[in-house]
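2 protein chains.
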Amino acid sequence: MSAPVQAKFPMTAGFNFAIEANSDGARAGVLTTPRGVIQTPAFMPVGTQGTVKGLTPDQIKTTGTQIVLSNTYHLAVRPGVDTVRTLGGLHKVMGWEGPILTDSGGFQVFSLGHRNKISEHGVEFRNHVDGSPLLLTPESVLDIQARLGSTIAMILDECPAGGVSRDEVAKAVVRTHRWALRAHEHRSRLDLFEPMAVFGIMQGGVHEDLRKESAQQLLEIPFDAYAVGGVSVGEGRDALLSTIGLSAPLLPFDRPRYLMGVGGLEEFMIAVDQGIDMFDCVIPTRNARNASLFLGDGSSLNMKNARHKQDPNPVEEDCDCLACTRYSRGTLHHLYQRKEILAYTLGSIHNLSVFHRFLRKARTAVLDGVWEDFRDGFLSRLSLRSG
Amino acid sequence: MSAPVQAKFPMTAGFNFAIEANSDGARAGVLTTPRGVIQTPAFMPVGTQGTVKGLTPDQIKTTGTQIVLSNTYHLAVRPGVDTVRTLGGLHKVMGWEGPILTDSGGFQVFSLGHRNKISEHGVEFRNHVDGSPLLLTPESVLDIQARLGSTIAMILDECPAGGVSRDEVAKAVVRTHRWALRAHEHRSRLDLFEPMAVFGIMQGGVHEDLRKESAQQLLEIPFDAYAVGGVSVGEGRDALLSTIGLSAPLLPFDRPRYLMGVGGLEEFMIAVDQGIDMFDCVIPTRNARNASLFLGDGSSLNMKNARHKQDPNPVEEDCDCLACTRYSRGTLHHLYQRKEILAYTLGSIHNLSVFHRFLRKARTAVLDGVWEDFRDGFLSRLSLRSG
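Respectively, the protein sequence lines represent chains A and B.
Final position of the first sequence in our numbering is 387; the numbers increase by one with none missing.
Final position of the second sequence in our numbering is 387; the numbers increase by one with none missing.
Since the hints were made in silico from the structure, they are not lab data.
Accuracy of the hints is not assured; some may be wrong.
Heads up, the list lumps identical chains together, so a pair's fine if it works in one copy or across two of them.
What the hints assert, rightly or not - BS3-like, lysine-lysine: derived pairs with alpha carbons at most 27 Å apart: (1) K212 / K61; (2) K92 / K339; (3) K92 / K304; (4) K92 / K309.
Given the sequences, and given the hints that come with them, work out the whole structure.
Take a look at the structure:
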């Protein structure tokens, strides 16, 4: 095992990352931002349109959330960046005082936009709502995120679709690198409304050599931290897990490593074991709206199933969330059947609580020096169940 | 002015009503129940299907809610009374520890049911969901409410549609009286899961003599308190307000008077002035879901209106609700435009807060001996605005 990579540049003033303990690859860290402290590993709920769907800021916090993610693309389309600024910035709009990480918008452009024109300059496209043109460049996405008032901004990367040729992935690595250089150059020209860190994004698909190339190039640019991109684009589960393993250790040991767009207890376990510190995913809130509630062992319940109708027990006995402490499976079944808003709220609170609790337990295991037992116990129960 | 009517019978053990102050007809009262104390005048939000739509119990409480109303008919259809009982009763299902008043289900039968057969025995009908038969009798509606675990149950009354002949209304008064006698008779046979008060309901439409007849008959039956029924069935606004005036003083001074199905600041003002103490209405939550938010002067805002898009001000400057303290009109406009669940939650919190705050102010005005100023000031501002 080679010596861990160290970051070559300091973090932006007001930001800091400290590792309190580590075991194998797994780490218990503390990411400090001007908007608050994040104990890692940490999951970031997704607030697509200026709200984590169905939840008030207090409810978001109660689930254990320390930082939320918001989508630059959706906000740029509606209500628009100028409107967000006029209303006092994204924190004010969301009613959320804590840290906010915003994505660059690039991922949505590749997946939602149509008539995209990708060039060296950037991505020109028509938005998915009214077809209005929007130009995302390495510079403009940082301008937008600065105007939103993001705490952590992501650079524009080129994220090739799953299944494309090695050649395409290699080209995306090169372009992502050139865009990363431009993003860094542009930082000195940003009109900031509050301190903002910028994270670089590594690409390279499932190819070890391309991941290495991407990391080596990226680490020469003074970003605050680095993310693993391009892992949730449909290469399949095995590819996802192996890509995490070959990507995470390439990023600086002394900086938070963010695995973009991934969430799930098994994924958390494997990624944390490889040294990942931050996650985001729409699954806990989206699944909650579809009546799928997580259990702490990695399984889930379909609350619309008639077997829950008269069940007076909570979704999960040892869960301290509002849904489990105040409601029975029977009530949740009823609320989901009746499409009551409260079902979506309670389900989202529960699913986020399960995610956050799992990562807190992982953190504690690292701090207590029992990470390997924790990991192996969970994974063996998981394989017993699925086997 | 004749001497105030007094109740002839004591209240059920565990229940009490005390009047702390009164001025003209208006009173500041305290209704004590085994589930908690209600300072009157009080508004009851409606939890149709086991939830006040979009709100958690804590949010309901934060708006100033002291007691909620739940609909027997809807619960009897889905999830069913047996299911509610199996799940631990209505308080457990709703996650609400405070007092719950349930209606008899009669009103929904008259308005939602089809193929109703009204006879002396009761109302036989097919429910609006799957056409299953359900029989509501003066006895069965109390059995159902007892099984739900209601704190305050309402008797079955015959509520004639608006616009029917005086003769029809007179017949409904007579039948309502016979049903009230049977309801009272049945109380000794109820299988109670917790202490339950029972309120009688006066009918008589817009006719002063029929209201008097109904009240005189009703007051001979030992109910815990008495409600004014049949005022929200489409006789028009003037009829509504005048019926309140001729009905409320007929009911015992020393018991809470409940005006069924009415809500709105002007209605509150006129009804409280006539001695009404309790209200319920779906308007604050329903309107909130339709982007109509109340202001304290009795007017309202359509939050979907484009003029709010970039407005950084709160809905109401001096409102201490979550929507007003944490969000701007611009954000609420955005959330309503995007049909975000959070809009419905915040809007409901605001509208309920406006209702409750208004009644708290009315109560304080009575306690402080400035009721007439409070009333006249509000009504003159209202007529200035609408004039």
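Going through the hints against the structure:
For the homomeric pair K212 and K61, neither the shortest alpha-carbon distance inside one copy (37 Å) nor that between copies (56 Å) is at most 27 Å. Taking the closest pair of Cα atoms, K92 and K339 come within 27 Å of each other only across two copies (19 Å); inside a single copy the shortest separation is 30 Å, beyond that limit. Taking identical chains as interchangeable, the C-alpha atoms of K92 and K304 lie at most 27 Å apart only when they sit on different chains, with a minimum of 19 Å there against 36 Å within one chain. In this assembly of identical chains, K92 and K309 lie within 27 Å of each other by CA distance solely across copies; the values are 14 Å between and 41 Å within a copy.
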